[in-house]
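**Q** Residue 49 is where the sequence shown starts when you use my numbering, and the numbers rise one by one after that.
Hints listed in this document are in silico derivations from the structure and should not be mistaken for laboratory results.
Think of the CB as a built atom: it goes at the ideal place given N, C-alpha and C, for glycine as much as any other residue.
Hints are not guaranteed to be accurate.
Unchecked claim - Between beta-carbon pairs, the in silico distance windows are:
id, residue 1, residue 2, range
1, Met271, Glu218, 25 to 31 Å
2, Ala152, Asp52, 29 to 35 Å
3, Arg217, Val177, 36 to 42 Å
4, Gly270, Arg319, 17 to 23 Å
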Amino acid sequence: MQDDISDEQRVHIEKLLTQRLSRVPLQHLLGSTGFRRIDLAVGPGVFIPRPETELVAEAAIRDLREQPIGSRIAVDLCAGSGAIAISLGMEVENSRVHAVEFSADAMPWLNRNTKSHEDALSALGSRVVVIQDDAEHVADEGRPLARLAGQVAVVVSNPPYIPDSMIPREVEVRDHEPKMALYGGEDGMNVVRGVLRTAAILLAPGGLLVIEHADVQGSDAGMRGVPGITKAMIADYEIAALTDIPAGTPVYKDVADRIDLNGLPRFTIARRV
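My request is simple: use the sequences and hints to build the entire structure.
**A** Here's what the structure looks like:
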């Protein structure tokens with residue numbers, strides 16, 4: 049077999065092997081990864097989507113499909129490579145998905161992946177709109193999604209949720225994944241809380257929130273977990289001014305935790321009141 053490859057190819061293969069032995073992610077070496085029914089370009093600067101997140105996307109897809117045409121509006125906060133946003137558009141015909149990402153390093157990948165699926169999305173009557181902004185404030189007055197307040201059927205997010213002190217052991221994650229996509233502050237919940245606030249503004253009454261979390265941040269974590277924080281969220285005067293939710297009342301109802309393929313708590317779903 050060695051006789052069938054050129055010296056240039058041999059050098060390239062040896063370079064790839066050396067990089068993989070140094071724990072550069074395989075997806076970076078290949079330049080792509082699969083997610084549900086789509087292929088995505090990935091590399092340094094953007095988080096590599098995980099199989100567990102496919103179930104997060106599935107929950108959002110199922111609900112968006114139930115919406116009447118014209119109301120199939122979704123927002124993906126912390127969109128990264130576009131895995132969830134593009135899957136929504138590809139699997140729910142006649143949908144409008146807004147993919148929000150703040151990282152300047154991730155944006156080229158998000159734009160590239162959205163562009164590469166543009167024709168397929170268009171054939172389905174769907175569209176993915178890319179927005180570079182902070183997921184925690186993108187729906188505030190004067191910001192890009194303020195006009196969608198109270199109109200969105202589904203808000204989905206895979207935010208950074210690792211506590212700052214919990215450094216991953218895996219070299220591929222620790223040294224090669226973007227830190228902005230991993231760490232969520234002292235308790236890992238900084239961005240999660242912001243996503244809950246943004247979703248409260250964007251969602252129509254009864255609209256669905258789907259948000260991923262670590263397996264230790266489920267219902268058993270009580271008020272330190274995402275379900276507990278979601279249940280306890282009360283509308284402040286700012287949220288009340290931007291929605292029809294009275295100040296001092298709960299924002300979400302029907303809060304439930306969902307497991308991944310390994311039987312571990314992986315994401316929370318809730319309805320806006």
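**Q** With respect to the beta-carbon atoms only, verify the hint that Arg217 and Val177 lie 36 to 42 Å apart.
**A** Taking Cβ atoms as reference, Arg217 and Val177 lie about 37 Å apart, which means the hint holds.
**Q** Could you say whether the range 25 to 31 Å given as a hint is met by the Cβ separation of Met271 and Glu218?
**A** With a Cβ separation near 29 Å, Met271 and Glu218 satisfy 25 to 31 Å, so the hint holds.
**Q** Do the beta carbons of Gly270 and Arg319 sit within 17 to 23 Å of each other?
**A** Since Gly270 and Arg319 have Cβ atoms about 21 Å apart, the given range 17 to 23 Å holds.
**Q** Quick one: are Ala152 and Asp52 within 29 to 35 Å, going by C-beta?
**A** Given about 42 Å between the Cβ atoms, the range is violated.
Hint 2 from the list above is the single one not met by this structure.
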